[in-house]
Amino acid sequence: MSLLRLCLLMLLVLALAAVVAVSLGETPFTLAQYAQALSHPASPPGEVLWTIRAPRVAVAALVGAALGLSGATMQGLLRNPLADPGVLGVSAVSGLGAAVAISAGLAVLPGAIELAALVGALVAGAMVVVLAARFREPEALILFGVALSAFGGALTALVFNLSPSPVATAEILAWLMGSVENRDWHDALRALVPMAIGAALCFRAGQGLRMLTLGEEAARMSGLPMARLRVYAVAGSALLTGAGVAAAGVIGFVGLAAPHLVRALVKDDPKRILWPSALAGALLLVLADLAARLIPTEQELKLGVVTALFGAPAFALLAWRASRSWRS
Amino acid sequence: MSALWTLEGVTARQGPKTVLEAASLTVAAGEVVGVVGPNGAGKTSLLRAGLGLLPLTAGEARLSGKALADLKPDDRAKLVGYLPQDRRVAWNLPARMVAALSATDLAHEPADALALECLARVGAAELADRGVLDMSGGERARVLLARLLATRAPLLIADEPVAGLDPDAQLLTLDLLRAEVAKGAAVVVTLHDLTLAARSCDRIVVVDHGRIVAEGPPRAALSRDILGRVFRLDGELIETPAGPVLAARRA
Numbered sequence: 020m021s022l023l024r025l026c027l028l029m030l031l032v033l034a035l036a037a038v039v040a041v042s043l044g045e046t047p048f049t050l051a052q053y054a055q056a057l058s059h060p061a062s063p064p065g066e067v068l069w070t071i072r073a074p075r076v077a078v079a080a081l082v083g084a085a086l087g088l089s090g091a092t093m094q095g096l097l098r099n100p101l102a103d104p105g106v107l108g109v110s111a112v113s114g115l116g117a118a119v120a121i122s123a124g125l126a127v128l129p130g131a132i133e134l135a136a137l138v139g140a141l142v143a144g145a146m147v148v149v150l151a152a153r154f155r156e157p158e159a160l161i162l163f164g165v166a167l168s169a170f171g172g173a174l175t176a177l178v179f180n181l182s183p184s185p186v187a188t189a190e191i192l193a194w195l196m197g198s199v200e201n202r203d204w205h206d207a208l209r210a211l212v213p214m215a216i217g218a219a220l221c222f223r224a225g226q227g228l229r230m231l232t233l234g235e236e237a238a239r240m241s242g243l244p245m246a247r248l249r250v251y252a253v254a255g256s257a258l259l260t261g262a263g264v265a266a267a268g269v270i271g272f273v274g275l276a277a278p279h280l281v282r283a284l285v286k287d288d289p290k291r292i293l294w295p296s297a298l299a300g301a302l303l304l305v306l307a308d309l310a311a312r313l314i315p316t317e318q319e320l321k322l323g324v325v326t327a328l329f330g331a332p333a334f335a336l337l338a339w340r341a342s343r344s345w346r347s
Numbered sequence: 066m067s068a069l070w071t072l073e074g075v076t077a078r079q080g081p082k083t084v085l086e087a088a089s090l091t092v093a094a095g096e097v098v099g100v101v102g103p104n105g106a107g108k109t110s111l112l113r114a115g116l117g118l119l120p121l122t123a124g125e126a127r128l129s130g131k132a133l134a135d136l137k138p139d140d141r142a143k144l145v146g147y148l149p150q151d152r153r154v155a156w157n158l159p160a161r162m163v164a165a166l167s168a169t170d171l172a173h174e175p176a177d178a179l180a181l182e183c184l185a186r187v188g189a190a191e192l193a194d195r196g197v198l199d200m201s202g203g204e205r206a207r208v209l210l211a212r213l214l215a216t217r218a219p220l221l222i223a224d225e226p227v228a229g230l231d232p233d234a235q236l237l238t239l240d241l242l243r244a245e246v247a248k249g250a251a252v253v254v255t256l257h258d259l260t261l262a263a264r265s266c267d268r269i270v271v272v273d274h275g276r277i278v279a280e281g282p283p284r285a286a287l288s289r290d291i292l293g294r295v296f297r298l299d300g301e302l303i304e305t306p307a308g309p310v311l312a313a314r315r316a
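Residue numbers (the numbering used here), protein chains in the order written: chain A, 20 to 347; chain B, 66 to 316.
No lab work stands behind these hints, which were simulated from the structure alone. All values reported here derive from a predicted model rather than from experimental measurement. Backbone N, C-alpha and C fix where the C-beta goes; we use that ideal spot for every residue, glycine too. Careful, some of the hints might be misleading.
[As the list claims (entries may be wrong)] With a straight-line cut-off of 25 Å between C-alpha atoms, the simulated BS3-like cross-links for lysine-lysine are:
| hint | chain 1 | residue 1 | chain 2 | residue 2 |
| --- | --- | --- | --- | --- |
| 1 | B | LYS248 | B | LYS131 |
| 2 | B | LYS137 | A | LYS290 |
| 3 | A | LYS290 | B | LYS143 |
| 4 | B | LYS82 | B | LYS248 |
| 5 | B | LYS143 | B | LYS131 |
[Claimed, not checked] To give a feel for the contact side, a few chain B residues facing chain A, derived at Cβ under 8 Å:
| hint | residue |
| --- | --- |
| 6 | LEU116 |
| 7 | LEU118 |
| 8 | ARG153 |
| 9 | ASN157 |
| 10 | LEU158 |
| 11 | PRO282 |
| 12 | ARG284 |
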C-alpha cells in the first residue's frame with residue numbers, strides 16, 4: 020500500500036471515529052434532536068454537539084496526533100522502539116512545569132501554564148539528547164528515562180507537598196491525570212501553533228531518521244548533518260509533547276503505541292512512519308476519550324487514566340518484542 | 066596515481082587517552098590497503114580519525130586532496146564510503162531500502178535501481194525484499210556491503226568487513242572489494258586474519274599502540290620481526306601455490 024493511500028484510509032477511519040465521538044455522549048439524543056443540531060447549531064442539542072463535544076474531540080485528535088508523531092520521531096532518533104515522551108520522562112517534566120506554574124498562581128496569566136509545560140518538555144528533551152549521545156545502549160537510555168520520569172514525579176510531589184491551597188492541589192492533580200474535558204475551540208487553536216511548528220521540524224528530520232537506521236557513524240558518513248538532525252528531532256518532538264501536555268495534561272503511552280500500530284504497514288521505515296503515527300495517535304486518543312465518556316462510572320474517567328490502563332500492558336508487550344532486535 | 070586519502074601526522078584522542086599518534090598514510094586509486102594490528106591497537110581509531118569521526122589534536126587528513134575540515138558532510142560522502150564495524154541495524158527495513166541509504170542524492174526510482182544492482186553484485190538479489198533483522202549475520206553483512214558499494218565513492222573504507230563470516234563469504238567480500246579497485250577505486254580494510262590480509266591486500270599497514278609501526282607489501286610489512294614484536298607470534302609468511310600463508314605459533 021502506498022503511503023498516500025494508507026494515510027487517506029486512516030484519515031477516513033479517523034473521520035468516522037470523530038463523527039461517532041461527537042454523536043455519542045453522556046446525554047443521549049433522539050434522531051430528531053440530531054437533525055435539529057445539524058440544522059440549528061444554536062439549539063440546545065446543537066450547543067452540546069458543536070460547542071461541547073466537537074472541540075473536545077478536536078483537542079483529543081490534535082493531542083493524539085502530536086503524541087504519536089513525537090513518539091515516532093523519538094523512536095527514530097534514538098533507534099529504540101521503546102522511546103516515547105512518556106517513557107523518557109519528557110511528559111513528566113513537562114507536567115512538572117505546569118504544576119509549578121499552577122502552584123505559583125500563574126494560572127491567571129493567559130498562556131503561562133502552557134508555556135511552562137513547553138519549557139519543561141524542551142528542558143527534558145535536551146537532557147535526553149545529551150544522555151543519548153553519551154550512552155549508546157538502548158537499555159541505558161530507557162533506564163535514564165525512568166530516572167528522569169521518577170525525578171520529575173518526585174519534584175511534582177514536592178510541589179503538591181508545598182502547595183499553598185487545596186484548590187491548587189486539585190487543579191494540579193486534574194492536570195496530571197490528563198483530560199480533554201471542557202475544552203473549547205480556543206484551546207484547539209492555541210495548541211495548533213506550537214504543534215504545527217513541532218510537526219514541521221519532525222517531518223524535516225524524516226530522511227535523517229531513516230539514515231540513522233545503520234547507526235550514527237554510517238549516517239554521518241553518508242552526509243547526514245547529525246547536530247542539525249538532533250536539534251530538529253528533539254525540538255520538534257518536545258514542542259509536540261509540550262503542546263500536548265499544555266492542552267490536555269499528561270497522557271502516557273499514546274506516543275509509544277501509535278507508531279507500533281502502523282510499523283508493519285510502512286515496513287519499519289522511520290521516515291514513512293511519521294504521518295501514519297500521527298493519524299494513529301489521533302485515532303487512539305479520540306477512541307480513548309470516547310471510552311472515558313461512555314464507560315459508566317460515578318466520576319468521569321480521566322483520559323490519562325484510560326490510556327495508561329491500556330498502554331502499560333502494551334508497553335510490556337512491546338518490550339518483549341523489542342528485545343529481539345537488541346540481541347544481534 | 067592520485068592520492069584519495071592522506072593522513073599527515075594525525076594524532077587523535079578519545080577522552081583522556083591518545084588513541085592515535087602521528088599517523089601518516091597515503092592511499093591511492095587502484096590499491097587495497099589492509100590495516101592490521103592486535104585488539105585495541107588503534108585500527109578503528111586510524112579509520113575514524115582519518116574520516117573526521119574523531120577530533121584531531123594534531124596533523125591533517127585529506128580526501129582527494131581536500132582538507133577534511135573544509136568538507137561539508139554531503140561533499141565528504143561523495144569522496145568516501147564507510148562501513149562501520151558495528152553492524153547493528155535498528156529497524157527491520159527491507160534489504161533494498163538499506164542498500165539505498167547511501168544513495169540519498171538520487172531520486173527514489175534510480176536509488177532503488179542502484180540498490181538492486183548492488184545487491185545483485187554481492188549475490189544477495191534474492192534478499193532484496195527481506196527485512197534485514199530476519200536475516201542471518203552473513204546475509205546481513207552482504208546487504209551492508211551492498212550499501213557500501215552503493216555509495217559509488219572512489220574511496221571505500223571497511224572496518225572488519227569479514228568479522229564473523231564463513232571462509233567463503235570472507236573471500237567473496239574481499240573479491241568484491243578488489244573488483245571495485247579494478248574499476249579505479251581505492252579500498253582500505255581492517256582485518257584480523259593475517260593470511261587473508263597478505264593474500265588480498267596490495268599493501269599492509271601494521272598498527273600497534275596507536276602508532277603505524279610498519280607499512281609496505283605484505284611480505285615486507287608482516288616480517289618475522291613485526292610478527293614477533295607486534296603480534297607475539299613466532300613464524301613467517303610462506304609462499305604456497307594458493308598464495309601466502311601464515312605459519313606461526315605463539316612466541
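Pair hint LYS137(B) and LYS290(A), alpha-carbon separation not exceeding 25 Å: Distance ~23 Å between LYS137(B) and LYS290(A) Cα, so the pair holds.
Would the pair LYS82(B) and LYS248(B) pass a check requiring their Cα atoms to be no farther apart than 25 Å? With a Cα-Cα distance of about 39 Å, the restraint between LYS82(B) and LYS248(B) is violated, given a limit of 25 Å.
Does the interface hint hold: is ARG284(B) within less than 8 Å of chain A, judged Cβ to Cβ? violated (33 Å)
Between the alpha carbons of LYS248(B) and LYS131(B), is the straight-line distance 25 Å or under? Holds. LYS248(B) to LYS131(B) sits at ~22 Å (cutoff 25 Å).
Under 8 Å is the threshold here; is the Cβ of ARG153(B) close enough to any Cβ of chain A for the hint to stand? Nearest chain A Cβ about 6 Å off; hint holds.
Restraint check for LYS143(B) with LYS131(B), where alpha carbons must lie at most 25 Å apart: It holds: about 12 Å lies between the C-alpha atoms, which stays within 25 Å.
Can we keep the ASN157(B) interface hint, with Cβ of chain A closer than 8 Å? Check passed: Cβ of ASN157(B) comes within 4 Å of chain A, closer than 8 Å.
Against chain A, is LEU116(B) within 8 Å by beta-carbon distance? holds (6 Å)
At a threshold of 8 Å, is the proposed contact between LEU158(B) and chain A supported by beta-carbon distances? holds (6 Å)
Run the distance test for LYS290(A) versus LYS143(B): straight-line Cα separation, threshold 25 Å. holds (23 Å)
The hint names PRO282(B) as touching chain A; please verify it with the least Cβ-Cβ distance against 8 Å. Since chain A brings no Cβ nearer than about 29 Å to PRO282(B), farther than 8 Å, the hint is violated.
Can LEU118(B) be said to touch chain A, with a Cβ gap under 8 Å? holds (6 Å)
The structure shown violates the earlier hints numbered 4, 11 and 12.
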